[in-house]
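Engineer: Spelled out, the chains give:
6 protein chains.
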Amino acid sequence: MIYLSRQEHFNAAHKLVNPNWSREKNIAVFGPCANENWHGHNFNLIVTVAGEPDPDTGFVVDLKQLSLLIREKVIEPLDHKNLNLDVPFMMGKMPSTEILAQEIWKLLVSEIPKITQLGQLHAIKLYETPRNFVEYFGPDRSKL
Amino acid sequence: MIYLSRQEHFNAAHKLVNPNWSREKNIAVFGPCANENWHGHNFNLIVTVAGEPDPDTGFVVDLKQLSLLIREKVIEPLDHKNLNLDVPFMMGKMPSTEILAQEIWKLLVSEIPKITQLGQLHAIKLYETPRNFVEYFGPDRSKL
Amino acid sequence: MIYLSRQEHFNAAHKLVNPNWSREKNIAVFGPCANENWHGHNFNLIVTVAGEPDPDTGFVVDLKQLSLLIREKVIEPLDHKNLNLDVPFMMGKMPSTEILAQEIWKLLVSEIPKITQLGQLHAIKLYETPRNFVEYFGPDRSKL
Amino acid sequence: MIYLSRQEHFNAAHKLVNPNWSREKNIAVFGPCANENWHGHNFNLIVTVAGEPDPDTGFVVDLKQLSLLIREKVIEPLDHKNLNLDVPFMMGKMPSTEILAQEIWKLLVSEIPKITQLGQLHAIKLYETPRNFVEYFGPDRSKL
Amino acid sequence: MIYLSRQEHFNAAHKLVNPNWSREKNIAVFGPCANENWHGHNFNLIVTVAGEPDPDTGFVVDLKQLSLLIREKVIEPLDHKNLNLDVPFMMGKMPSTEILAQEIWKLLVSEIPKITQLGQLHAIKLYETPRNFVEYFGPDRSKL
Amino acid sequence: MIYLSRQEHFNAAHKLVNPNWSREKNIAVFGPCANENWHGHNFNLIVTVAGEPDPDTGFVVDLKQLSLLIREKVIEPLDHKNLNLDVPFMMGKMPSTEILAQEIWKLLVSEIPKITQLGQLHAIKLYETPRNFVEYFGPDRSKL
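These protein sequence lines are chains A, B, C, D, E and F, in that order. Note that the numbering used here has the first sequence beginning at 42, numbered continuously upward. Note that the numbering used here has the second sequence beginning at 42, numbered continuously upward. Note that the numbering used here has the third sequence beginning at 42, numbered continuously upward. Note that the numbering used here has the fourth sequence beginning at 42, numbered continuously upward. Note that the numbering used here has the fifth sequence beginning at 42, numbered continuously upward. Note that the numbering used here has the sixth sequence beginning at 42, numbered continuously upward.
Note that these hints are calculated values from the structure, not bench results.
Where chains are identical, the list cannot tell them apart; a pair therefore holds if satisfied intra-copy or between any two copies.
Okay, derived cross-link-like pairs now, DSS-like style, lysine-lysine, Cα gap no bigger than 25 Å in a straight line:
{"no.": "1", "residue 1": "105", "residue 2": "166"}
{"no.": "2", "residue 1": "155", "residue 2": "114"}
{"no.": "3", "residue 1": "155", "residue 2": "66"}
{"no.": "4", "residue 1": "66", "residue 2": "134"}
{"no.": "5", "residue 1": "66", "residue 2": "105"}
Bound conformation, chain A alone (with noise of 0.2 Å):
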């Protein structure tokens, strides 16, 4: 198995706001993420692509196919968007990054065996700034 990955970036504005609870509780618990006019960050996403390289290539998945590919099903969709008003995959979700990694795992999960027959998902790597990040295997794994 070689694990193949690509980075691609978007902008976008959010807020952490729980709407079961009060203002205050908001702001206890979130802080400055719950600013009601919203901040922003810039996102950095990696894909990794789990499988074996095509004797014919030398490649696990083409990695033109594989930005086109994120960038058709997730940047479009996120970049210099609001996460909580215009995306239609984080409606009625916190859009922590945790969350977001998740959903993202699941736009990619079915679509990266279109674009290659040796190859899956196998994890998603998001950065809201340089010093927080998260990781998802799919809800089945876990890393260890």
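Fit chains B, C, D, E and F to the given chain A structure using the hints.
Structural biologist: Structure of chains B, C, D, E and F alone, referenced to chain A:
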């Protein structure tokens, strides 16, 4: 002369919309940056102070004091905020990286001499993304 | 399971000397790292917590609390310190990056559950330089 | 177990061409990577060794020795070379990042035990660009 | 004056050979950079435009237009190419980073005014590797 | 004029203490940087040479020679050393980044002409941490 620099960062939301233009013209000019529901960035800010090192300390300016000054005057009003709605000194101004850098200069230029007798503000460098950034050297100076 | 990571940093001095060895043997084994008068590094530390996101917040752990915990338990005793002389939990231990990462694990493993019911310490990643780093997953686990 | 990593780099030229295919098919599959006159990259290589720290040194492996080994066995034959024409162990193989990472594994796996009794080769991570990279853990292991 | 910069990148092969010299002299002067079978790099290019912000947009130049211009005029002829064989404006020139930066200046200096009335080309910064780079400010200007 | 830069690095320990001051005053002014038992950093050094490219090589200066010169004159006496105790040219001087950059200038300014007839030392840029750095252009020049 020695040029001493300190990097700080903040996260903010904004949109680029000229209120004198139609929605169509704003979209034509600003593209996705005009998204009504905002988008955002992790901004990186580098403040440069120029001066002679103090013989007693070897410092042009104490970096801890410089960091605290930048945080109080610049990061505090900008971090986790909406540049169009929440920031008094940006009210009525286009929140482009260019204009924001000029406004940050104005916030700091008279404050730097309060923490150093030997240095003065030399430059503001502001990254909107790792690939897009501006530099400003004040209203009276050009770089060459 | 989601893996959430936070990066912090500290600066410290150290030297690598085995007190049971002659000066000659220490120099033969550790080279310039055995310099009697010390040398130092900007260390970067990445702490990873594994768990399920809380349905109310979308968080495995609150990153602000995680950052404060790391700063209190790890950065405070290490930053601007001498690893051989100033740090109680390193006394009598070889201050290699490997041993330091294991000691940082011990400092945090029982503290993480105090700030999250859903997550536990998963990994310590410690950069001594941008090109030299270690990862540790606790005494009972290997990576594969 | 501790995982110790060392980063090295090399610059090389290559092209991606399957000699069993027509020029048209190569261009259709590999695009600009099939340019007959070559292109090139600054490759970054991270080699990870897993093991227990030596009680006398605190080291899984001496990083100076690890660096010299990687330079002798991997960097020397690859740096400032053409992966298709100049590198004995790549002859007749597709010089994709995937295949190159597997070949680097083969070069190092039996060499690491010569410089450490406590560690063994754990992973090869190879960046072709900052946004495209692969990881390989040997023929018998997968990451999860 | 504000200085606005945009970073783009390209991958290319080259070799450093003076056709008026013997093979021995080329190897003596250029070392491994003279490898007959080429080597290559991931080049990073930063283009800086100097000017006053447009009062209507806050922009010195529209970054999307600047990015497209750089891609059309510079990246397209250089990316995945051989600097010695494939690039019309480098024919008969030594493909050092210095000369390449000067040629990129010539490609852009008269194009920038077509996308902004307020700015002009200020600088070309070209990284051959993260540790080797050049800056050029045009034929008539020095930096200080 | 072209400006060619080369980055090197070194690790060192230091403390900031003015021997004419009491312990209390040193702690008040320098804070944790005055720790008696030292602390340390991974320093990054960028040396810039300005000049015209040689028509035969396309080089302002040969980067291999520049790298070797920097290593011999600057890195060798600083790497894995104590800036207060081990470095002859820093004796009796405050080891701030400002002073260290000025001393590195003095080490190199008369050496650069020995490896290039076309270039001269233009700037020293010294990072103490990724967020704190200084630039120096010699005793007779300011940046603007």
